[in-house]
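Engineer: Sequence:
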Amino acid sequence: MSEFPVRKVVGLIVGAAIAIPLILLMFIGPASRGAPHDLPIGVVGPPAAADQVGQALAQRQPGAFEVRSYASQAELENAARHREVYGGFVLGPAPTTVIASGAGPAPAQLLTQIGTQIAARPGAPGTTAAAPRVVDVAPLAADDARGAGFGSMVMPVFMAGAILGVAIPQLTRRARATAALLPIGAAAVAATCVGAAMAVGVLPGGFWSQWLALGAGILAIASVTAGLVTLIGVGGMGIAAALFLLVGMPLAGIGAPPEFLPGIWGAVGQWLPLGATGTALRGAAYFADGDVVGAGTGRAFTALVIWIVVGYVLLGLAVARRRRVVAEVVEAETSETAVGA
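Sequence positions in the sequence shown follow my numbering and run 1 to 341.
Calculated from the structure, these hints are not laboratory results.
A quick note: this is a predicted structure, and the numbers were derived from the prediction, not measured.
Some clues are possibly wrong.
To be verified - Restraint ranges, calculated between C-beta atoms of paired labels, are given here:
no.	residue 1	residue 2	range
1	V234	A74	56 to 62 Å
2	Q117	G15	46 to 52 Å
3	G201	V305	29 to 35 Å
4	I18	L171	33 to 39 Å
5	G316	D38	38 to 44 Å
6	M237	A188	18 to 24 Å
7	V134	D38	20 to 26 Å
8	I232	G15	17 to 23 Å
We put the beta carbon where it would ideally sit given N, CA and C, even for glycine.
Just need the whole structure built from these sequences, with the hints factored in.
Structural biologist: Below, the structure written as structure tokens:
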């Protein structure tokens, strides 16, 4: 009768008791401590009044906002459409708050609240007591009024990339075949996902721009996962999951924009596949205006291309290693044959 593995069971329990809380903190930490920092917003109005608003915002929450001045409401709205700012305030007899809900519900709600407070202040600079009009230059989809559906698009990206990255190398057993099949699989999965999301009204943009953003994100995760699995085996799955899910998911900046994450973590998350995919897909869904890629997505696509290249480099290293092993085996067999002769 085999002895009960007490040490292994205790080690498993202790390890889980340590690891799971750390994972929990990675997910809830950024969300619970999130607050805006250097959030770009605009102000339209007389210079003195605009300066007063900027100073009031700085006193209210130091470092929270990066205030930019615009000459007209049209310029402010154009800046919001191009994702240069998240919105802003138009001072004067008819106060207006400009928002872009498609850039994230959190900043839109925050700006709406601040706009109401500015207009309600007695003697507010350049305003009247009238409630501000709210102009949303990039509204959320009618069937996803709170943006929850869009936020849920991140997990399928990871799942699709991870499944393709593990399954294709296992099925083909050849790095070259894996390299060829990965983009085909990513393109097919992205097409069905975008089609399904559009059918239920979560993605309001054009099909091809959204397909490109989602497909690039899936391929980035799939290629790196496949490269790691092909190069180092099953352990590559754990590395990919830890990097892309445990680290990448909390820092993706989907529920709240990168400027709401503490410290530099928002910027770090935008260079990871899930954060970059979220930004690229958000641009395609709400800021493309008929273009193939949305406004403000240059860095996101750059990050995704870098990850795709990394994945294919890993696959190339796996091919080179296999060739070296085969050459060594052939050389050894040749030597044995020569000795036997």
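Engineer: Determine for every hint whether it applies to the structure shown.
Structural biologist: Hints versus structure:
no., hint, in the structure
1, V234 - A74: 56 to 62 Å, "holds (57 Å)"
2, Q117 - G15: 46 to 52 Å, "holds (49 Å)"
3, G201 - V305: 29 to 35 Å, "holds (30 Å)"
4, I18 - L171: 33 to 39 Å, "holds (36 Å)"
5, G316 - D38: 38 to 44 Å, "holds (39 Å)"
6, M237 - A188: 18 to 24 Å, "holds (22 Å)"
7, V134 - D38: 20 to 26 Å, "holds (23 Å)"
8, I232 - G15: 17 to 23 Å, "holds (22 Å)"
Hint compliance for this structure: no hint is broken.
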